[in-house]
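Asker: Here is how the chains run, residue by residue.
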Amino acid sequence: MKEGMSNNSTTSISQARKAVEQLKMEACMDRVKVSQAAADLLAYCEAHVREDPLIIPVPVSENPFREKKFFCTIL
Amino acid sequence: MCDQTFLVNVFGSCDKCLKQRALRPVFKKSQQLSYCSICAEIMATDGLHENETLAALKSEAESLKGKLEEERAKLHDVELHQVAERVEALGQFVMKTRRTLKGHGNKVLCMDWCKDKRRMVSSSQDGKVIVWDSFTTNKEHAVTMPCTWVMACAYAPSGCAIACGGLDNKCSVYPLTFDKNENMAAKKKSVAMHTNYLSACSFTNSDMQILTASGDGTCALWDVESGQLLQSFHGHTADVLCLDLAPSETGNTFVSGGCDKKAMVWDMRSGQRVQAFETHESDINSVRYYPSGDAFASGSDDATCRLYDLRADREVAIYSKESILFGASSVDFSLSGRLLFAGYNDYTINVWDVLKGSRVSILFGHENRVSTLRVSPDGTAFCSGSWDHTLRV
Numbered sequence: 001m002k003e004g005m006s007n008n009s010t011t012s013i014s015q016a017r018k019a020v021e022q023l024k025m026e027a028c029m030d031r032v033k034v035s036q037a038a039a040d041l042l043a044y045c046e047a048h049v050r051e052d053p054l055i056i057p058v059p060v061s062e063n064p065f066r067e068k069k070f071f072c073t074i075l
Numbered sequence: 001m002c003d004q005t006f007l008v009n010v011f012g013s014c015d016k017c018l019k020q021r022a023l024r025p026v027f028k029k030s031q032q033l034s035y036c037s038i039c040a041e042i043m044a045t046d047g048l049h050e051n052e053t054l055a056a057l058k059s060e061a062e063s064l065k066g067k068l069e070e071e072r073a074k075l076h077d078v079e080l081h082q083v084a085e086r087v088e089a090l091g092q093f094v095m096k097t098r099r100t101l102k103g104h105g106n107k108v109l110c111m112d113w114c115k116d117k118r119r120m121v122s123s124s125q126d127g128k129v130i131v132w133d134s135f136t137t138n139k140e141h142a143v144t145m146p147c148t149w150v151m152a153c154a155y156a157p158s159g160c161a162i163a164c165g166g167l168d169n170k171c172s173v174y175p176l177t178f179d180k181n182e183n184m185a186a187k188k189k190s191v192a193m194h195t196n197y198l199s200a201c202s203f204t205n206s207d208m209q210i211l212t213a214s215g216d217g218t219c220a221l222w223d224v225e226s227g228q229l230l231q232s233f234h235g236h237t238a239d240v241l242c243l244d245l246a247p248s249e250t251g252n253t254f255v256s257g258g259c260d261k262k263a264m265v266w267d268m269r270s271g272q273r274v275q276a277f278e279t280h281e282s283d284i285n286s287v288r289y290y291p292s293g294d295a296f297a298s299g300s301d302d303a304t305c306r307l308y309d310l311r312a313d314r315e316v317a318i319y320s321k322e323s324i325l326f327g328a329s330s331v332d333f334s335l336s337g338r339l340l341f342a343g344y345n346d347y348t349i350n351v352w353d354v355l356k357g358s359r360v361s362i363l364f365g366h367e368n369r370v371s372t373l374r375v376s377p378d379g380t381a382f383c384s385g386s387w388d389h390t391l392r393v
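Quick note, the sequences are listed as chains S and F, same order. At position 71 of the first sequence (counting the first as 1) the number is 71 in full-length UniProt numbering, and the numbers step up by one without a gap. At position 125 of the second sequence (counting the first as 1) the number is 125 in full-length UniProt numbering, and the numbers step up by one without a gap.
It should be emphasised that the hints constitute simulated quantities derived from the structure, not laboratory data. Virtual Cβ for every residue (Gly too), placed ideally from N, Cα, C. Careful: at least some of the hints might be erroneous.
Selected chain F positions facing chain S (in silico; Cβ < 8 Å) [as the list claims (entries may be wrong)]: (1) Lys67; (2) Glu71; (3) Asp77; (4) Val78; (5) Ala312; (6) Gly379; (7) Ala381.
Sequences are here, hints too, so could you generate the full structure?
Answerer: See the structure below:
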């Protein structure tokens, strides 16, 4: 019984240790200010918005999903 | 009878505390000693300082979490939508359903595009996995899986294979062949083995490795050829529901989201968790990286989608409205990252302006929950799959 209990406490202690070490690693991370990160997101967006076919629609002739019209020629 | 026969009932003086107790053999640096049960327990937690009990560790963990929050808050000098005020607003959006793909007999659960921007694979509750040509709406291949609820499917980067899995706890890879005489199911290769359902899978940059997420709370990286486990990722405390790989230029990380409301970023090579975010109020159903790789969005059952920036290490935007009550099941960015498409359980798709945080458009059309949503590789269209058995492009 006592062994069972000590096993529980050892596993949860080792889990708690791992959690503490993980948190220490994360706390040491180099972080950037939100203003800087936001500016970078904006810059990426603006740089690529011209290539985005959903924002700047491509002409219908180039849209691969346009409705297909079949032209019949009279022979 | 008690079967703890390994307990040697020897009485004597403990090697450590020198008290007269029942002793147990204990190995310390390959030397056998005899400790009493108390000293044995202390030894099992060896390496700790004397006052490091479980309670002390827990309180240290709490204080570290608090410190992390403080660090993150210090950098919170401005909101994303404030920075985005100077950006032009987007015009009115008219998005129409161009193709409706019918053929599944039951709810569509997952889909993925092929890199050729035209083919897609979708999987459904009835166990069928179908490869479609989205331009012509033809079905190119169909496989019936031995299990129902195929919750995950992925297209290989080369376009030559698909991977899928679900309640069978495995991820199977099927090579695609155009030979009509070949039975696709015969060539199936079981790659991943989990102890619970497979919720998501994705090929890495090559056809040779697959990343999987499972209801057993872990993610794993497998080698397709040998079926070997290359790396496993432990850290979620509940089912992992989704994952997404970082866009190739930015390296070997991926993000996963789960029922424990946390989104975690992992290093694929070391198996270590790099960052964790816990601001959602309910299960995270879908995560997707921003095209630049510096941020990711998540959609959750709490009816919000949130944008997390990896370098600022915090949530930078929330996309929600009081009128939206149903959870978001699937999210994806447009090519430039300006638009976020999110499929909800109230049968609609909301299109959000990522930078300004406002909703740009709502798309109606599905007759049941939208379960999966992906933008095509060239950004010309996006496909949504729903519980109404159809996919719309």
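Asker: All hints are to be evaluated individually against the structure, with a verdict given for each.
Answerer: Status of each hint after checking the structure:
no., hint, in the structure
1, Lys67, "holds, 6 Å"
2, Glu71, "holds, 7 Å"
3, Asp77, "holds, 5 Å"
4, Val78, "holds, 5 Å"
5, Ala312, "holds, 4 Å"
6, Gly379, "holds, 5 Å"
7, Ala381, "holds, 5 Å"
Violated hints are absent here; each numbered hint is respected by the structure.
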